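**Student:** For reference, the chains in residue letters:
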Amino acid sequence: MTAVSWAAYLLLGSGALLTLVRLALGPSLLDRVVATDTLLVIIAAGLAVHAALQRDPTVVPVLVVVSLLAFVGSVSVARYIGGMLIHSHLGTESPDAEPPAGETGESR
Amino acid sequence: MSGIDGVADGIAIVLVLLGALLCLTAGLGLVRFPDVLARMHAGTKPQVLGVLLIMVGGAIRLQGWSATWMLLLVAVFQMLTAPVSAHMISRVAYRRRHVRRDRLLVDELHTGERSDRVYRGDEPADAPPEEPGRALAESRREEQAEDGAG
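These protein sequence lines map, in sequence, to chains A and B.
Numbers 9 to 116, taken from the working numbering, label the letters of the first sequence in order.
Numbers 21 to 170, taken from the working numbering, label the letters of the second sequence in order.
Quick caveat, the hints were computed from the structure, so don't treat them as lab data.
Please read all numbers here as calculations on a predicted model, not as lab measurements.
Each hint should be verified, as a subset may be incorrect.
[What the hints assert, rightly or not] Ranges between beta-carbon positions, derived for each pair:
{"#": "1", "chain 1": "B", "residue 1": "ALA28", "chain 2": "A", "residue 2": "SER22", "range": "22 to 32 Å"}
{"#": "2", "chain 1": "B", "residue 1": "LEU125", "chain 2": "A", "residue 2": "PRO69", "range": "39 to 49 Å"}
{"#": "3", "chain 1": "B", "residue 1": "ASP127", "chain 2": "A", "residue 2": "LEU18", "range": "49 to 59 Å"}
{"#": "4", "chain 1": "B", "residue 1": "ARG52", "chain 2": "A", "residue 2": "MET92", "range": "19 to 29 Å"}
[Claimed, not checked] To give a feel for the contact side, a few chain B residues facing chain A, derived at Cβ under 7 Å:
{"#": "5", "residue": "VAL36"}
{"#": "6", "residue": "LEU38"}
{"#": "7", "residue": "GLN67"}
{"#": "8", "residue": "LEU69"}
[Unchecked claim] Rough simulated footprint, nothing fancy, chain B against chain A, three-plus residues with beta-carbon under 8 Å:
{"#": "9", "segment": "24 to 32"}
{"#": "10", "segment": "50 to 62"}
{"#": "11", "segment": "76 to 82"}
Glycine residues also receive a C-beta, built at the ideal position from the N, C-alpha and C atoms.
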């Protein structure tokens with residue numbers, strides 16, 4: 009039983025650490041949104057693993073709250089970035105500034 | 021109290037370990053994959069299948085119907101909300117050019133020649149929206165510099 013709980017928490021913890029790496033690195037805001045969403049889901053999964061392994065049903069309502077929070081957070085930040093999209097149309101320059109030449113090297 | 025007794029507990033523990041493994045693969049995919057859409061594809065693994073497996077394991081392990089119904093509620097809620105949030109995030113990601121278009125097989129939102137092909141998709145949060153403009157020229161210059169260096 010101890011080995012099972014160690015294995016489960018090790019897997020969950022390393023997954024959460026990797027999402028934290030993406031949260032720190034992530035070049036765009038949407039990467040961070042995806043990473044935060046995944047991190048909250050992993051936290052909910054860790055609570056559920058605790059409840060399952062210890063036969064402890066007291067943390068089960070917290071699961072509902074955490075999953076709801078993840079959904080509301082990611083959707084609200086996505087809508088916020090969509091609003092930024094509308095406003096930042098005003099500041100862009102003309103797209104014809106550079107002629108579309110020499111585009112053969114984009115094989116990455 | 022927290023020991024393993026019987027086949028049902030064995031099944032529950034296998035399900036919980038599989039869910040935890042899916043959470044680890046989600047973290048790996050988030051670090052390894054190149055752009056927002058692929059990272060979201062990786063991040064949806066704990067969201068649906070991993071949480072579902074862990075909820076089934078917890079429902080097997082926990083006694084009492086109230087905990088089972090609440091775990092079922094969480095599972096159904098995840099399956100309802102994951103497509104909605106994924107749709108919104110991917111739409112905004114496409115419009116803000118966080119998508120590597122050379123990796124797309126089908127691009128149904130592609131509109132004419134104005135869409136860029138040089139942008140690498142991994143842009144900061146203040147990248148310009150639909151019209152590429154100066155940032156596209158900068159990215160081309162950067163690509164040429166990298167080609168010259170490498």
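**Student:** For each hint, tell me whether it holds in the structure or not.
**Tutor:** Hint check results:
no.: 1; hint: B:ALA28 <-> A:SER22: 22 to 32 Å; result: holds (28 Å)
no.: 2; hint: B:LEU125 <-> A:PRO69: 39 to 49 Å; result: holds (43 Å)
no.: 3; hint: B:ASP127 <-> A:LEU18: 49 to 59 Å; result: violated (40 Å)
no.: 4; hint: B:ARG52 <-> A:MET92: 19 to 29 Å; result: holds (28 Å)
no.: 5; hint: VAL36; result: holds (5 Å)
no.: 6; hint: LEU38; result: violated (10 Å)
no.: 7; hint: GLN67; result: holds (5 Å)
no.: 8; hint: LEU69; result: violated (11 Å)
no.: 9; hint: 24 to 32; result: holds (count 6)
no.: 10; hint: 50 to 62; result: holds (count 9)
no.: 11; hint: 76 to 82; result: holds (count 3)
Checked against the numbered hints above, the structure violates hints 3, 6 and 8; every other hint is satisfied.
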